[in-house]
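Residue strings, one per chain:
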Amino acid sequence: MRRVWQGYFAFLGMTVLSCGLLEFLAAAAGHQLTFPFIAFSTGAFRGLWGGLVTIFSGIFLLRGLGDFGEVHRMAKLLMGCILLWIMAATDIFALIAAAVPSIDSGRWFNSGPLFLRALAPPYTPAVILLPFSLPVMLCLRRFGVP
Amino acid sequence: MGHPNVGKSVIFNRLTGADVISSNYPGTTVDYKKGLMRHKGTDIEVIDVPGTFSLEPRDKAEGVALTMLKDNPQARIICVIDASKLERGLYLALDLIEQGHPLVLALNMWDIAHDKNINVDAEKLSSLLGVPVIPTVAVSAEGLSLLMDTLLDAGTPGIAEVGKRLRLAGLMTSQACEGCRGCLLGKACGEIPEHLTSDERWAMVEQIAQRTVTVGHYRHTLKDAIGDYTVKPLTGTPFAIAVLYAFWSIFSTFSGLITDGFMVKAFDLYWLPWLQEWFPGGPGTWIYGVMVDLGHVKDGVWTASTTCLESFGVLTSGLYLEIGVVLPAVFIFYIMLALLEDVGYLPRLAVLMDTFLHKIGLHGYAVVPTILSLGCNVPGVEATRILETKKQRFVMMTILAIFIPCGAQIAIMHDVIPRYTGFVMAYLFLGYFVFGFLLNRVIPGTTPDIIMDVPVYQRPIMRDVRRKVAMRTKSFLKDAIPYVTLGILIVNILYSQGAIDALAKASAPVFEGWFGVPRQTAGPLLAAFLRKDLAIAQLSAIPMTEYQLITAIVLVSIYFPCIGTFFMMLKEGGKAFFGSLIVLICVAFTWVGLLRLVWNIMGVQ
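From first to last, the protein sequence lines are chains B and W. First residue of the first sequence? That's 8 in the working numbering, and the numbers climb one at a time after it. First residue of the second sequence? That's 1407 in the working numbering, and the numbers climb one at a time after it.
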């Protein structure tokens, strides 16, 4: 079971790290990378700074692999997830904030369908990877980390 | 009284129902606060003082606590001790007992001590010290009722009595008192002095702790491990980068949502047209120009403004700036600051920054005034009291006033130059370190090393966060609106009388020749003395290139402190304040001139 968890977080860490690097490099080069469901952010703030945080998240996840019962390993794993949650939460907040007010001068709020349309994909890598990081809570419980 | 960050202000708030700001880091309280506690039909005055490690002050904030003690020799003292670090707090308690002050000991953070498997025998401690000892958990008000009941029984045993009790305790636990060496200082009871040396006091602390504290097995938890990793440079720095990213991202998203999504609409589509239609007198009258809309001349014809930002009336621009732009920004800033304070992250940031800040003559605690200044410079300057030496306070105060923009200023910058706010902030922070480094070399004096106390991470109590945010926001509204109103009024009157044009003409060589900005910048600079956010908004109405606008905003940010900061610097710095002013003027010329040089080298205007 331990191996399965390790394999899972190794894969997650590698994916997060790759996404972070891609995001950072694309922003540095000024390229807009968009796929059907994923959009890599551009700009100095979200692209460079945010990409850097995603890179750190991947590194923490990879550094947290090893003895899963050991509290310091698990702390690094959790810190990797926390950094990913920070990125995802700020992206989701920005998405919702952009969807709430109406751009039409006669209305204050977007209608329901417009609001939902504004929340449609593509999403940033952090938002897509967010659900895959949540099993860390299960992992912490499984290995009895205080 | 008690050490910094042991929960004194929380206890004070609970006892008096007052609203004193308390946070999970040392040095939150730098001045004393008074409040009334009603207990059993009697009003009792309670005073909250800054934290102190001993009765010999190391910094200005500790000095406040000791002056208060000297001025009120008969005061009953609640000595608050962190129950998980009893030995450290006992030193101060013994010092107070030695001075003959009536004392009650509050063993606060009892829950944390329990979680760490640290057990303190409060009854035994009370019997040894001869003063009431009450376990408390201030954040949940546990034990505070008993503390209030016991306050009137505060004891004044004297240090010799404590020594005798200790000796007695030694005998009672069947420890033979051979030659009196086993219990205290190797002295017989009759010889125990009224005043102890520091070593003797520590010896006594050790004796007491041995008899009252038992430490069980404690397993390092995930919270502890994360706490450790967030102070280590290799792991703590990436975490700090992520926290600051979150801070800035939430700040800009929330303020953008409220301002651009709703406030711009409310003010430009409803408030401005309504005033333009209904304000008595109408366009062309002096009062209309000052209060509603100065308008602008287009093709020789006076044209009404279409946005509140460009109208420059007291009721339009003034309210739009403070309510529409700055209020949402400072509100979210204060929420995030309160969360970071109460979680206990700020001291960790202080540890991380310590090495770096030593290069500019400061130490990690300089993070506290710096971060407070990002909200408002006034409490930031006041918080410099936690620094030990005059040199440190001078350097800190000077670079704070020059290079740290307040929340209101950041909000307006974000509205006026959203693409370049990051650049301006980076340039200001670079100046903070460059001139800090230079001042450290030039100013004589010392920078002592300190040992920082890093508190455990705690879940913030939402009631306290709400109260703190409400207090700070109220204070912002109380200060900002009158000053902005006054600022717009003064500048509009000066404009209408031609004084600003005359000033702009006279100062043209400096503005155009040295700084490379339009001479009309003189007007906003005058307003900046009252409110810098107002000045930046005024700059946005002056025709200039975006590079000139960046330069002008940097100039407004660093050329002079606003009126509130000015008086706080005068109060805190005394004569040194005038030294700060000289530095400030030199820095403004150098740093803004340098920015102009950068533009010239880049070939942009």
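Quick caveat, the hints were computed from the structure, so don't treat them as lab data. For each residue, glycine too, the CB sits at the ideal point set by N, CA and C. Check each hint, because a few of them may be wrong.
[Stated by the list, open to error] If the Cβ cut is set under 8 Å, some of the chain B residues that face chain W in the computed set are:
(1) Phe42
(2) Thr49
(3) Trp56
(4) Leu72
(5) Phe75
(6) Gly76
(7) His79
(8) Leu85
(9) Met86
(10) Ile99
(11) Pro108
(12) Phe122
(13) Arg124
Status of each hint after checking the structure:
1. Phe42: 23 Å, violated
2. Thr49: 13 Å, violated
3. Trp56: Trp56(B) check passes; min Cβ-Cβ to chain W is 5 Å, inside 8 Å.
4. Leu72: 15 Å, violated
5. Phe75: Status violated, d = 13 Å.
6. Gly76: 12 Å, violated
7. His79: Holds, because the Cβ-Cβ distance from His79(B) to chain W comes to roughly 5 Å (cut-off 8 Å).
8. Leu85: At 7 Å from the nearest chain W Cβ, Leu85(B) passes the 8 Å test, so the hint holds.
9. Met86: Check passed: Cβ of Met86(B) comes within 6 Å of chain W, closer than 8 Å.
10. Ile99: Violated, about 10 Å.
11. Pro108: 3 Å, holds
12. Phe122: 13 Å, violated
13. Arg124: 17 Å, violated
The structure is inconsistent with the numbered hints 1, 2, 4, 5, 6, 10, 12, 13, although it conforms to all the rest.
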